Amino acid sequence: MNVMDTRATSAMLYLDGVHVSFDGFHAINNLSLTLEPGEMRAIIGPNGAGKTTMMDIITGKTKPDEGTVLFDGVTDLTRLDETRIAELGIGRKFQKPTVFESQTVQDNLLLALNVDHSVKATLFWRGSKAESERIDKVLETIRLTEARNRLAGSLSHGQKQWLEIGMLLAQDPKLLLVDEPVAGMTDVETHLTAELLKEINKTHTVMVVEHDMTFVRELGVKVTCLHEGTVLAEGTIDQVSSNERVIEVYLGR
Amino acid sequence: MPAHLSARLCSLALSLFLIAFALPAFAGPFEDAVAKFANDDFSDTEEAIGVVAGSGNKLAFPIISALQDGRLMADPDSKKVYVTGADGKSIDAATGEAVASVPDSASAVRLNNRLRRSVDAALGSLTLQSPDVGTRLQAAQSVFKSHEETALEAVDAALAKESNKSVKTALGEARAAILLFKSDATEVEKLEAVATLKARGDQDALALLTGMGDQPDSVTKAAASAISSIQSSLAVWSTVQNAWYGLSLGSVLLLAAIGLAITFGVMGVINMAHGEMVMLGAYTTFVVQEVIRTRYPGLFDYSLLIAVPLAFVVAGAIGVLIERSIIRFLYGRPLETLLATWGLSLVLQQAVRTMFGPTNREVGNPSWMSGAFELGQITITYNRLWILCFTLAVFAILLAMLRYTALGLEMRAVTQNRRMAASMGIATSRVDALTFGLGSGIAGIAGVALSQIDNVSPNLGQSYIIDSFMVVVFGGVGNLWGTLVGAFTLGIANKFLEPVAGAVLGKIAILVLIILFIQKRPRGLFALKGRAVEA
Amino acid sequence: MFSKSTHDIAASFSRRGVLAATAGLVLGLASLTGAKAADDTIKVGVLHSLSGTMAISETTLKDTILFLIDEQNKKGGVLGKKLEAVVVDPASNWPLFAEKARELITKDKVSVVFGCWTSVSRKSVLPVFKELNNILFYPVQYEGEESERNVFYTGAAPNQQAIPAVDYLMKEEKVKRWVLAGTDYVYPRTTNKILEAYLKSKGVAQEDIMINYTPFGHSDWQTIVADIKKFGSAGKKTAVVSTINGDANVPFYKELGNQGIKAKDIPVVAFSVGEEELAGIDTKPLVGHLAAWNYFQSIKTKDGSNEKFIKDWQAYTKNPKRVTNDPMEAHVIGFAMWVKAVEKVKSTDPDKVIDALPGIEAPNLTGGVSKMLPNHHITKPVFIGEIKGNGQFDVVWKTPGLVAGDAWSKELDGSKDLIGDWVGKKCGNFNTKTNKCLGSGS
Amino acid sequence: MTPHMLTRSLDRGATIFLAIVAACGILIPLSNLLLPADSFLQVPTYLVALWGKYVCYAILALAIDLIWGYCGILSLGHGAFFALGGYAMGMYLMRQIGTRGVYGNPILPDFMVFLNWQKLPWYWYGFDMFWFAALMVLFVPGLLAFCFGWLAFRSRVTGVYLSIITQAMTYALLLAFFRNDFGFGGNNGLTDFKDILGFNVQAEGTRAALFALSCLALIVGFLICRAIVSSKLGKVLIAVRDAESRTRFLGYRVESYKLFVFTVSACMAGVAGALYVPQVGIINPSEFAPGNSIEAVIWVAVGGRGTLVGAALGAVVVNYAKTFFTSGVLAPYWLFMLGALFILVTLLLPKGIVGTFNAWWAQSKEKRAATSVSAAAEDGVTEPKMAE
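Protein chains in written order, with this note's numbering: chain P, 37 to 289; chain S, 5 to 539; chain D, 590 to 1031; chain R, 2 to 389.
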């Protein structure tokens, strides 16, 4: 841990001593975590470990009671709101797939493109070739080219998950926060998703929250285990899964 | 001038002429005065009261008290006046002789406010030595109010004999009031009077002191200091009074809002027909009272006790019916519920208008809810006090119900996690219906209480719906304690603003404050926090 | 025609527009049909709210007109034709009043309209009556300051209600201190302005007048009643002149009763509280409080006209407890005057009837005869009644003769030189100083 | 508005709607003015005024649909903006009366004269000029909406909370305008208008012109709404409606978008009110009554939320029903019918008339939905969810 502190300034994401509580319940307790640029990190932990709340803190949805959250070594995220944080380049995929169900797949991606998001720009927007090319590319990546004109609400669960990942791609953020990307997916889909994330990781920093150990193993990246709002263990999947306390937490006492 | 009126004036003039010339030949001043009651002229009646009361005749008391109760009958044709007793026996007022029957042409001698005051004053000095303590106290108080010099003798006589402490104080104050206005009273007497009134220290004393006119310097000075001391104590009391009014208004708001706190706060149903549930409760009260009036008049004081459960059942049953037939199809679409229930409120209003007519219906106050008592220098009306107690009781019962009964547990389970509750074997649709019924039933109970202070008309509900929503939203949706605090906060704030800004501006100010407050705390005073809220 | 054209256009687009176009067609046709008036009857428009906040007061007036028409038809109608009532519901909605008035006159071709209660509803329909030249009988006491060619005001003007009431209190009750309490709208504002000026002219000091306004439907009277009590305990006899409107009265009187303000201490004289309003309150604690009107149900008449009217009315409504009130009497007078005028000119043509109406006399229900004046107001007696325990009034005072209604108050600076005279000057707001007809009245 | 926005906004449904409105706007006044009064095809003046009123309501309904149907903001206080626009116009009309008021005062309106006002309050200055009043018709509702929205949207007041405080806003304004001291004529409001731009407001020609103008305003308002909802901004609005926080995480400043449409919508409501006042001849505080605003929302629900055409249609249908039921034998029962209509529409036609029709149409021609993106976006508005 001490080793990491010295590299804090160069980290893509840096959390230190973060606390948050709801009505006396400590959801996050002295959480410290660092993510290097270009890294992919898997976060595991039982229900209520504070995984989603951590993401809420990073993306500005929840304000921590105390602690430091730095992005790119310089930006204090605790002072910014969701929009500003998204503009800085942090994209998020939700635990429950959240796409704009009454709009087409293509429009979902169009909305996600990281172009000027001001009211004026969207009001007088006219599609450009570059934009449609990017959308085509993303559609291809997430294998939804055929479904581009379908309403997002009519997609299958797995397709929705992918669409949401596709929206992240269109957003092209520096840091991707991916919450349970394979929940409810078939084995084949899970495998494809792992491949997709690895591909994405070539150009982006990624944080994945996931329960599915097969999937985490397939990703083959450093794993952090959270419990009761604090880091329980960190290391390779094998190191973490052999950690006694982790076993205790997962299997109950 | 209409013909009949001039005819009446002519006959009046004629009869005056007859009285003036024909009667004095065989009657004394007392008999003359009594005959004047038959003239149906307020000035004559007033004159007659003065003469009769001051005559010392033993018939004076029966005549005046009969006059007060509308038992003094006068025959305009024969100029005879009769006192009818409660037992149906009558006497001739002038002679005291019993008469067999009062002629049909006789009617009760009419009074107006001025005469009522004269009657009070006259009865006051006549009953100062009544054997009954209550009557004596009342007599002393009416002498205090009228403070006529002529009563001084009677007051002094009564004071000498009086043994009861509170009557004695009242008599002392009456005496002080008389002396203060008596032109030939000595300076010492007047100073004493000022001191007595200062000790009394209420609005009436203040009124006498400010209105006493020219006095010797020393008295004026003493009065000025008494006035300022009374005024400063009254100022403190007025704050207390505002707080009480605020509590009272808050209790009305709370009562109207509790039902909504269940249907809207707990279930998330925006029930625009909530006000109509209140109205149904009020109409239930009306029907109950109507039945009691016609069939069992003795039970009138219990009418509200009977109406409360009935109103709960009526409004609750209609609530269940509404939930089953409309609202259950609209769960998860709160804004659509708003529209449907708005339509429903129109239908219910018009239904009541068709059944009971558009005009206000009379709902009486039972005797234990009428009147007021003084607490220090503030007046507390019984109906407001009872409504406050009633509201708190309803609130407590509701809380206990939600916490300790099986239904309460199921309700909380269903509202927190419907799917989970359903999978645990709770019949969620039954719980929904019952919850909505409970909210509506409580609104019905509120209607019983509100019928005591407001109109019972088809529009009754409309006047409470907006306020109720404000209270629930201000307090924080889904939190009964928030509703309680919200209601009392708004009530008290309103009542402290009203004397400063006036009723209209005060209300506007409250609304603006709520709007601004919601900016600060978008989920109300007692908002639930955490991720669960967002999900 | 427009329906047809829209249909043509729609046809060329068919598909999605069909629904909208058909709807338009149906609606258009439906509104065009039924415009033909039957010739064998004379139509009488009834423009009173039957729903919404004003239904509480206005529904009775609708029934009154239906009753009067029924009675008239029993006598053979007017000019040998039966009268036919056309009832609409303007729903206490002021723009709807204007719309319904227009509909009554243009579509239903009514010869006269009896209607409105609030001033704003009258103001709303006024331009319609002027434009389409028809007749409105307005039966409610109001703030005055108006005299229109097409409107006949059968309710009281301020000088037929407010001023006599204050006179009575000054004379009979020796009142020296005044609370003018009202709902914040035009009638109380104007009445209080008039009364304030009048009281000052009688030597009442400014500090002895307290003016208080509350919003419509005000229901929490605790503070104000306490203020009145306080104001009343300054050593001078105090009275409240109440112009509190409709719904707010019940909670006001209940609070008065409960806080123990007896009429003999601080009497309240009201201009908007009649038998109908009292039917909703237990009046025992209110005995002795006053109201000023031009009619009370309890008034006994020599010829028994009032008694007969009440009996017929209760028989007609099949409700032996149904009360009568002042605006009802205003409609009775207005209706009788209109019938007489129509019979006089043998026509229902509005211009002829309007010209014939001033000078027409009709018996009122209190044994006198009211007369339509050139300013389109009528002469009325003024009564002061005390509330009795049974919800009725006991008349304690009345004006010696009939009082002529003033369209323009003599107490207000803006209107003291104005008169309305539709006979000689043909002008509703004639300035007697400059001898000019002001504004639109010309 | 740039040309590409115009072409983009006009799909078939929109074109038909505009054609119908334009036809009404031209043919009804012409028929009223040119045909003899006894002709069956002549539209009587009272119908012109009546339909003019409906058209104004339709504009208000469009304004509400823009924010509710597309952005999920349920305002229960939109009547306030309507009324403010109406008051701005009413003040102009009052000043136009000049010396023709009953007291002949050249400056002060009648209600000020008889309440003894000595001079014109400052906020009445400028309203004698039409351009100023016309500006205020847009500016006053717009400013109020901007301030209100700036506060509310920034602090993320949403859903029911927002609905309730919009209701509080209009209720507070209702009470304020009832106050005679406020200087807007109290309960009686502003009335007895004479001229507008030198034309007699009562004249048939003026009425016909006002009707045509209202239709024009409806067309322009409709085009503005279409331009907004068919632009990318429209997609963002729908995104905000369906998943507000998701939109935020994509980097959209949701409050700016809401503020923008809320203000535009308020200005439209203001215009509707301004056109309404000369046609009905009165503006009074009851226009601020919360019930009126709720009713306006119901028009939109009846016609079909999120369809624009439906909103306008709903306003006309409900108000026509009201006119129809409040006369004749049905008069005592009309509230039953209106209430039942609201209940039945929400229960049986949750998408409203046009929404249901669209769904039916889309179903019968399913493949059509896939061909055009914009048509799909409109047809496919299924079950709009309440914003969080």
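Quick caveat, the hints were computed from the structure, so don't treat them as lab data. Treat the numbers as computed from the prediction; the structure is a model and nothing was measured. Glycine is no exception: its CB is placed at the ideal position from the N, C-alpha and C atoms. Errors might be hidden in some of the hints.
[To be verified] As a list, the in silico DSBU-like pairs of lysine-lysine whose alpha-carbon atoms are at most 35 Å apart:
id	chain 1	residue 1	chain 2	residue 2
1	S	K225	D	K851
2	S	K186	S	K62
3	S	K172	D	K789
4	S	K202	D	K789
5	D	K670	S	K83
6	S	K172	D	K889
7	R	K323	D	K910
8	D	K671	D	K873
9	D	K825	S	K165
10	D	K765	D	K819
11	S	K62	D	K853
12	D	K873	D	K765
13	S	K202	S	K165
14	S	K149	D	K853
15	D	K663	S	K202
16	R	K323	D	K907
17	D	K765	R	K120
18	D	K853	S	K202
19	D	K929	S	K83
20	D	K960	S	K202
21	D	K670	R	K323
22	D	K977	D	K910
23	D	K696	D	K760
24	D	K632	R	K233
25	S	K169	D	K873
26	D	K929	D	K632
27	R	K120	D	K696
28	D	K825	S	K202
29	P	K238	R	K233
[Said to hold, decoys possible] Partial list, computed: chain S residues near chain R (C-beta under 7 Å):
id	residue
30	E35
31	L339
32	G347
33	V351
34	T419
35	F473
36	K511
37	I512
38	L517
39	I519
40	Q523
Against the structure, the hints:
At most 35 Å may separate the alpha-carbon atoms for a hinted pair to count; S:K225 and D:K851 meet this at roughly 33 Å. With a CA separation close to 28 Å, the supplied pair S:K186 and S:K62 stays within the 35 Å bound. The straight-line distance between the Cα atoms of S:K172 and D:K789 is roughly 43 Å, outside the 35 Å bound, and the hint therefore fails. Taken as a hint, the S:K202 and D:K789 pair is honoured in the structure, with Cα atoms around 33 Å apart against an allowance of 35 Å.
Among the hinted pairs, D:K670 with S:K83 is inconsistent with the structure: their alpha-carbon atoms are about 54 Å apart, more than 35 Å. Among the hinted pairs, S:K172 with D:K889 is inconsistent with the structure: their alpha-carbon atoms are about 48 Å apart, more than 35 Å. The suggested pairing of R:K323 with D:K910 holds, with an alpha-carbon distance near 34 Å, which does not exceed 35 Å. Restraint check: the Cα-Cα separation between D:K671 and D:K873 comes to about 45 Å, which exceeds 35 Å; the hinted pair is violated.
The hinted pair formed by D:K825 and S:K165 meets the criterion: a straight-line CA distance of about 33 Å does not exceed 35 Å. Restraint check for D:K765 and D:K819: satisfied, since their Cα atoms lie roughly 15 Å apart, inside the 35 Å limit. Between S:K62 and D:K853 the alpha-carbon distance is near 27 Å, which keeps this suggested pair within the 35 Å criterion. Proximity of D:K873 to D:K765 is assessed by CA-CA distance (about 27 Å); at most 35 Å being required, the pair is judged to hold.
Taken as a hint, the S:K202 and S:K165 pair is honoured in the structure, with Cα atoms around 25 Å apart against an allowance of 35 Å. Of the pairs offered as hints, the one joining S:K149 and D:K853 holds, with about 11 Å between alpha carbons and a cut-off of 35 Å not exceeded. For a cut-off of 35 Å, the pair hint linking D:K663 to S:K202 is broken: about 72 Å separates their Cα positions. With a C-alpha separation of about 31 Å, the suggested pair R:K323 and D:K907 falls inside the 35 Å cut-off, and the hint holds.
Distance check on the hinted pair: D:K765 and R:K120 sit about 33 Å apart at the alpha-carbon level, within 35 Å; holds. Of the supplied pair hints, the one linking D:K853 and S:K202 holds, its CA atoms being roughly 25 Å apart against a limit of 35 Å. About 45 Å separates the Cα atoms of D:K929 and S:K83, which puts this hinted pair outside 35 Å; it is violated. A C-alpha spacing of about 59 Å is found between D:K960 and S:K202, which places the hinted pair above 35 Å, so the restraint is violated.
For the hint pairing D:K670 with R:K323, the CA-to-CA distance comes to about 32 Å; that is within 35 Å, so the pair holds. Of the pairs offered as hints, the one joining D:K977 and D:K910 holds, with about 16 Å between alpha carbons and a cut-off of 35 Å not exceeded. Between D:K696 and D:K760 the CA atoms are separated by roughly 53 Å; this puts the pair beyond 35 Å, and the hint is violated. The straight-line distance between the Cα atoms of D:K632 and R:K233 is roughly 59 Å, outside the 35 Å bound, and the hint therefore fails.
Between S:K169 and D:K873 the CA atoms are separated by roughly 32 Å; this keeps the pair inside 35 Å, and the hint holds. Pair hint D:K929 plus D:K632 holds up; C-alpha atoms about 16 Å apart against a cutoff of 35 Å. Restraint check for R:K120 and D:K696: not satisfied, since their Cα atoms lie roughly 43 Å apart, outside the 35 Å limit. For the hint linking D:K825 to S:K202, the alpha-carbon distance of about 19 Å falls within 35 Å, and the restraint holds.
In summary, the hint linking P:K238 to R:K233 is supported, as the alpha carbons are separated by about 31 Å, within the 35 Å threshold. Taken as an interface hint, S:E35 does not check out: its beta carbon lies about 57 Å from the nearest beta carbon of chain R, beyond 7 Å. Hint status for S:L339: holds, given a least beta-carbon distance of 5 Å to chain R, under 7 Å. This hint holds: S:G347 has a C-beta 3 Å from the nearest C-beta of chain R, less than the 7 Å allowed.
Because the beta carbon of S:V351 sits about 4 Å from the nearest beta carbon in chain R, less than 7 Å, this interface hint is met. A hinted interface residue such as S:T419 counts as satisfied when its beta carbon comes closer than 7 Å to some beta carbon of chain R; here the least separation is about 15 Å, so the hint is violated. The restraint placing S:F473 at the interface with chain R holds, with a minimum CB-CB distance near 5 Å, inside the 7 Å limit. For S:K511, the interface hint holds, the least distance from its beta-carbon to any beta-carbon of chain R being 6 Å, beneath 7 Å.
The interface hint given for S:I512 is met, as the beta carbon of that residue sits about 5 Å from the closest beta carbon of chain R, less than 7 Å. The beta carbon of S:L517 comes no nearer than 10 Å to any beta carbon in chain R, farther than 7 Å, and the hint placing it at the interface is violated. The beta carbon of S:I519 is positioned within 7 Å of a beta carbon in chain R (closest approach about 5 Å), and the interface hint is therefore held. Of the supplied interface hints, the one on S:Q523 holds, with its beta-carbon coming within about 4 Å of a beta-carbon of chain R, less than 7 Å.
In the structure shown, a violation is registered for the earlier hints numbered 3, 5, 6, 8, 15, 19, 20, 23, 24, 27, 30, 34, 38, in ascending order.
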